[in-house]
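Novice: Sequences and hints are given; from them, build the entire structure.
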Amino acid sequence: MFNIFINDLDEGVEGKLIKFSDDTKLGGVANTREERERIQKDLEKLEQWAATNRMVFNKEKCKVLHLGKKNEKNTYRMGGIRLSSSTCEKDLGVLVDHRLNMSQQCEAAAKKANTILGCIKRSIESRSCEVIIPLYSALVRPHLEYCVQFWAPQFKKDTYKLEQVQRRATKMVNGLQTMSYEERLKELGMFSLQKRRLRGDMIAVYKYLKGCHSAEGSDLFSLAQGRTRSNGMKLQGKRFRLDVRKNFMTVRTINQWNRLPQEVVSSPSMEVFKRRLDGHLSGIV
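For the sequence shown, this note's numbering begins at 1 and goes up steadily by one.
Honestly, I wouldn't trust all of these hints.
Distance condition first, Cα-Cα at most 20 Å in a straight line; then the derived EDC-like pairs of lysine to aspartate or glutamate [unchecked claim]: (1) Lys195 / Glu125; (2) Lys61 / Asp23; (3) Lys156 / Asp201; (4) Lys16 / Glu37; (5) Lys63 / Asp22; (6) Lys45 / Asp10; (7) Lys41 / Glu14; (8) Lys157 / Asp243; (9) Lys111 / Glu145; (10) Lys61 / Glu35; (11) Lys161 / Glu182; (12) Lys156 / Glu182; (13) Lys45 / Glu34; (14) Lys73 / Glu37; (15) Lys156 / Asp243; (16) Lys161 / Glu145; (17) Lys45 / Asp23.
Now the in silico label distances, taken between C-beta atoms and shown as ranges [as the list claims (entries may be wrong)]: (18) Lys121 / Glu34: 40 to 48 Å; (19) Glu34 / Ser269: 47 to 55 Å; (20) Lys210 / Glu125: 24 to 32 Å; (21) Gly279 / Gly28: 43 to 51 Å; (22) Lys210 / Ala138: 36 to 44 Å; (23) Gln177 / Ser86: 22 to 30 Å; (24) Thr75 / Thr24: 16 to 24 Å; (25) Asp8 / Pro268: 39 to 47 Å; (26) Ser267 / Arg54: 48 to 56 Å; (27) Lys156 / Gly200: 16 to 24 Å; (28) Glu34 / Pro268: 49 to 57 Å; (29) Asp8 / Ser86: 22 to 30 Å; (30) Gly79 / Ser267: 50 to 58 Å; (31) Glu107 / Asn7: 33 to 41 Å.
These are calculated hints, taken from the structure and not from any lab test. Ideal Cβ positions, reconstructed from N, Cα and C, are used throughout, including at glycine.
Specialist: The structure is reproduced here in structure tokens:
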């Protein structure tokens, strides 16, 4: 009902407005004075909507996240109250900072997962594979993979930090303590977290190409034009100057997708795609 009530919230707003329940985000380019004034006018329109509908925005929870090294960090107001700026904000459970490198999110996810893994280690006496791995998969790993297509680690230190959680979990299993991490994964029939992220990326691309997502995401990927000796569904590459943009899922997945065998990308269904993809990834070190 609330979503229906706020359905007209974005009427007259020129910037990008994203709504999810009672969480609202307004974004826009702020390179010029005119663009900054446009954002301010959008905020005033939101405040007017709230007044008309007898609602109030909690100004203390409204934050401004400035992006870009050359951002002038303009001051914005709602209802005459200056909105405080922040270098990092949690968006639907994911920490996003002004640098967009996702290190803070990786740190938070690893810390939470390690805490739960520690609780399992202290409270569960059994160290059998049948007990430890299901508990890890159900209670720990989800914290390392929630929305990870958005916040996938960009640096080796963050990749290692996340992987270290699974290293600890697999080492808890009886009989595997003296094995290397790679040997433990093989014995348990598991993928590394890094390989699982690649798997998730490829599944997401497949869903977009097959139209499983909303129309808003239909233009995220473009098939390459002309003949190609690749897998038959080669994606058009994209070039960007900034490294942070190269790490976006819609960019980093292109080369990986183009390397998949034709048998995998031409799968007739999601179930078949996952099965063939797992077979392909099993042969990759």
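Novice: For every hint, state whether the structure bears it out.
Specialist: Right, here's what the structure says about each hint:
no.: 1; hint: Lys195 / Glu125; in the structure: violated (30 Å)
no.: 2; hint: Lys61 / Asp23; in the structure: holds (10 Å)
no.: 3; hint: Lys156 / Asp201; in the structure: holds (18 Å)
no.: 4; hint: Lys16 / Glu37; in the structure: holds (15 Å)
no.: 5; hint: Lys63 / Asp22; in the structure: holds (15 Å)
no.: 6; hint: Lys45 / Asp10; in the structure: holds (9 Å)
no.: 7; hint: Lys41 / Glu14; in the structure: holds (9 Å)
no.: 8; hint: Lys157 / Asp243; in the structure: holds (17 Å)
no.: 9; hint: Lys111 / Glu145; in the structure: holds (13 Å)
no.: 10; hint: Lys61 / Glu35; in the structure: violated (24 Å)
no.: 11; hint: Lys161 / Glu182; in the structure: holds (16 Å)
no.: 12; hint: Lys156 / Glu182; in the structure: holds (18 Å)
no.: 13; hint: Lys45 / Glu34; in the structure: holds (16 Å)
no.: 14; hint: Lys73 / Glu37; in the structure: holds (13 Å)
no.: 15; hint: Lys156 / Asp243; in the structure: holds (15 Å)
no.: 16; hint: Lys161 / Glu145; in the structure: holds (13 Å)
no.: 17; hint: Lys45 / Asp23; in the structure: holds (17 Å)
no.: 18; hint: Lys121 / Glu34: 40 to 48 Å; in the structure: violated (57 Å)
no.: 19; hint: Glu34 / Ser269: 47 to 55 Å; in the structure: holds (50 Å)
no.: 20; hint: Lys210 / Glu125: 24 to 32 Å; in the structure: violated (46 Å)
no.: 21; hint: Gly279 / Gly28: 43 to 51 Å; in the structure: holds (45 Å)
no.: 22; hint: Lys210 / Ala138: 36 to 44 Å; in the structure: violated (29 Å)
no.: 23; hint: Gln177 / Ser86: 22 to 30 Å; in the structure: violated (44 Å)
no.: 24; hint: Thr75 / Thr24: 16 to 24 Å; in the structure: holds (20 Å)
no.: 25; hint: Asp8 / Pro268: 39 to 47 Å; in the structure: holds (42 Å)
no.: 26; hint: Ser267 / Arg54: 48 to 56 Å; in the structure: holds (52 Å)
no.: 27; hint: Lys156 / Gly200: 16 to 24 Å; in the structure: holds (19 Å)
no.: 28; hint: Glu34 / Pro268: 49 to 57 Å; in the structure: holds (51 Å)
no.: 29; hint: Asp8 / Ser86: 22 to 30 Å; in the structure: holds (28 Å)
no.: 30; hint: Gly79 / Ser267: 50 to 58 Å; in the structure: holds (53 Å)
no.: 31; hint: Glu107 / Asn7: 33 to 41 Å; in the structure: holds (37 Å)
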